[in-house]
Amino acid sequence: KDVFLRSRMDVEGFVPLSLIVQFNAIRQLGVDYNTLRSLLVTSPYLDIDLENELVRLRNGWAKWLLSVDGSEVRGCPKYIKVNYAKAASLPLNSATSPGNGNISPPAMTVSDASSSSSSDTGQEIS
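The sequence shown runs 1 to 126 under this note's numbering.
Hints are computed from structural coordinates only; laboratory data are not their basis. Glycine included, each C-beta is placed from N, C-alpha and C at the ideal position. Keep in mind that a hint or two might mislead.
Unchecked claim - Straight-line distance between alpha carbons at most 25 Å, and here's what the computed DSS-like set of lysine-lysine pairs gives: (1) K78 / K1; (2) K78 / K63; (3) K1 / K63.
Claimed, not checked - Taking CB as the label site, the calculated pair distances span: (4) S38 / S67: 27 to 37 Å; (5) R6 / S89: 35 to 45 Å; (6) Y45 / S7: 30 to 40 Å; (7) K63 / S89: 37 to 47 Å; (8) S89 / L57: 19 to 29 Å; (9) E51 / R6: 22 to 32 Å; (10) S89 / N59: 14 to 24 Å; (11) L46 / S89: 31 to 41 Å; (12) S89 / Q28: 20 to 30 Å; (13) S89 / N52: 18 to 28 Å; (14) A62 / I26: 20 to 30 Å; (15) S89 / D2: 37 to 47 Å; (16) E53 / N24: 12 to 22 Å; (17) P44 / S89: 20 to 30 Å.
Kindly produce the complete structure, drawing on both the sequences and the hints.
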């Protein structure tokens, strides 16, 4: 019945392990993040999403979701862990082709690059 915890549940009932490890009861036990993660994986009562580092009740989690602004939508947006190292290694200038998931920014013109310039040549910068 912890409204704070319930308000942090995503649409699938998951909460970040990083939130759980900050609870006073966990801190008083002296349990660090990695230990908590190892312990929770063995629980028959919890589902663990190791990739995104999330935890939820295995059964009955949906009944604890709070509605968002009184609507039919329940839970906050889904938590997804971003791997910044992997994202940083992706090429930024790859060509976009339908269906490959790559997104290229629109071509920049000279007038876009220097808005203080008085002449608008419209030439594309490569």
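Which of the listed hints are not met by the structure?
As far as the earlier hints go, 6, 8, 10, 12, 17 are violated by this structure, in ascending order.
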